[in-house]
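Read top to bottom, the protein sequences are chains A and B. So this note's numbering is basically just the index in the first sequence, starting at one, shifted up by 402. So this note's numbering is basically just the index in the second sequence, starting at one, shifted up by 402.
It should be emphasised that the hints constitute simulated quantities derived from the structure, not laboratory data. Bear in mind the structure is a predicted one, so any value in this text is a computation, not a measurement. Where hints are given, some of them may not hold.
Put simply, identical chains are the same to the list, so a pair is met inside one copy or across any two.
Stated by the list, open to error - Mimicking DSS-like on lysine-lysine, the simulated pairs with C-alpha atoms at most 27 Å apart in a straight line are: (1) K545 - K428; (2) K549 - K453; (3) K446 - K545; (4) K538 - K513; (5) K545 - K453; (6) K549 - K428; (7) K538 - K549; (8) K513 - K545; (9) K545 - K461; (10) K446 - K428; (11) K428 - K465; (12) K461 - K428; (13) K434 - K453; (14) K452 - K428; (15) K538 - K461; (16) K461 - K549.
Protein chains: 2
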Amino acid sequence: MQLLAICYLFEGLSESQMQHLTGIAKETSIQKDQWIFQEGQEAKQFFVIKKGAVELLTKVDDKLELPIAMLRDPGSCFGTSSLSAPYVYSLSARCTEQGSLLAIEKTELEKLMQEECDLGYIIMTNWAAHLLDRLKETRQELKIHFKTLFKSMHS
Amino acid sequence: MQLLAICYLFEGLSESQMQHLTGIAKETSIQKDQWIFQEGQEAKQFFVIKKGAVELLTKVDDKLELPIAMLRDPGSCFGTSSLSAPYVYSLSARCTEQGSLLAIEKTELEKLMQEECDLGYIIMTNWAAHLLDRLKETRQELKIHFKTLFKSMHS
Numbered sequence: 403m404q405l406l407a408i409c410y411l412f413e414g415l416s417e418s419q420m421q422h423l424t425g426i427a428k429e430t431s432i433q434k435d436q437w438i439f440q441e442g443q444e445a446k447q448f449f450v451i452k453k454g455a456v457e458l459l460t461k462v463d464d465k466l467e468l469p470i471a472m473l474r475d476p477g478s479c480f481g482t483s484s485l486s487a488p489y490v491y492s493l494s495a496r497c498t499e500q501g502s503l504l505a506i507e508k509t510e511l512e513k514l515m516q517e518e519c520d521l522g523y524i525i526m527t528n529w530a531a532h533l534l535d536r537l538k539e540t541r542q543e544l545k546i547h548f549k550t551l552f553k554s555m556h557s
Numbered sequence: 403m404q405l406l407a408i409c410y411l412f413e414g415l416s417e418s419q420m421q422h423l424t425g426i427a428k429e430t431s432i433q434k435d436q437w438i439f440q441e442g443q444e445a446k447q448f449f450v451i452k453k454g455a456v457e458l459l460t461k462v463d464d465k466l467e468l469p470i471a472m473l474r475d476p477g478s479c480f481g482t483s484s485l486s487a488p489y490v491y492s493l494s495a496r497c498t499e500q501g502s503l504l505a506i507e508k509t510e511l512e513k514l515m516q517e518e519c520d521l522g523y524i525i526m527t528n529w530a531a532h533l534l535d536r537l538k539e540t541r542q543e544l545k546i547h548f549k550t551l552f553k554s555m556h557s
């Protein structure tokens, strides 16, 4: 299962740390159109793609679904809301091409990170860097909207 | 310096961990209208407010500054870009009321977190939870803009 080593969250882990992580990952198959989880549900699991494709999306309202990302590269991960309080999925995930995932239970990962805090420190450092990157991207998009609005008000 | 204990990043640290952290914090005074740092600069320090007020802002373009937050509560922190790669301030910080700050050097904090990974794990866990919260908030704002745009296109 060298697959986990591709995931950005686990960059920098030693070989023995990777083995402990692999020990808590379970393989599960997914079918086309299957909802893996829905926005708002308790985030109990974290997933890494082994095969197939998964779409992440959010509901703007009842009529409008906004696609956020399409994941198909092995090693791509999702369900990261299970890594941080309040442990609620902020997006929905739907399988668009059948395949298989590695699933890691939130409770088991948390236990491992607490027991081996050097492993926990590395994972959380990677996770925070990723979140900061996403936050900057999203703020940039918001800035563009704001700029457009400002221009339309003053033109 | 029980001040650091108020900051959300250090929630859950033991008394001895707090002492080690206090050991690397240095008090510095700030004057009205002083720029503490500017957006885009290398993020070398992290700050906690002791007294006075600091405004965080971003430049939309040369003519337009967008205020993001006004910090005046003791224990409020900023300059958190120094906690995660690529270590670049994403906002500017300007003092709006003279006072004093506790400054922690990025390199010293990183050294402490690596040496005491249980402390590092707690701080990074708090930081990631905060970032996830901010990201959800910003995505929510973007959703509202998108909804408004969608309605205006279909009305």
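Results of checking the hints against the structure:
no. : hint        : result
1   : K545 - K428 : neither (41 Å within a copy, 35 Å between copies)
2   : K549 - K453 : neither (41 Å within a copy, 34 Å between copies)
3   : K446 - K545 : between (33 Å within a copy, 25 Å between copies)
4   : K538 - K513 : between (31 Å within a copy, 26 Å between copies)
5   : K545 - K453 : neither (36 Å within a copy, 31 Å between copies)
6   : K549 - K428 : neither (46 Å within a copy, 39 Å between copies)
7   : K538 - K549 : both (16 Å within a copy, 21 Å between copies)
8   : K513 - K545 : neither (40 Å within a copy, 35 Å between copies)
9   : K545 - K461 : both (22 Å within a copy, 9 Å between copies)
10  : K446 - K428 : within (14 Å within a copy, 41 Å between copies)
11  : K428 - K465 : neither (35 Å within a copy, 54 Å between copies)
12  : K461 - K428 : neither (29 Å within a copy, 46 Å between copies)
13  : K434 - K453 : within (12 Å within a copy, 57 Å between copies)
14  : K452 - K428 : within (11 Å within a copy, 48 Å between copies)
15  : K538 - K461 : both (22 Å within a copy, 14 Å between copies)
16  : K461 - K549 : both (25 Å within a copy, 11 Å between copies)
Checked against the numbered hints listed earlier, the structure breaks hints 1, 2, 5, 6, 8, 11, 12; every other hint is satisfied.
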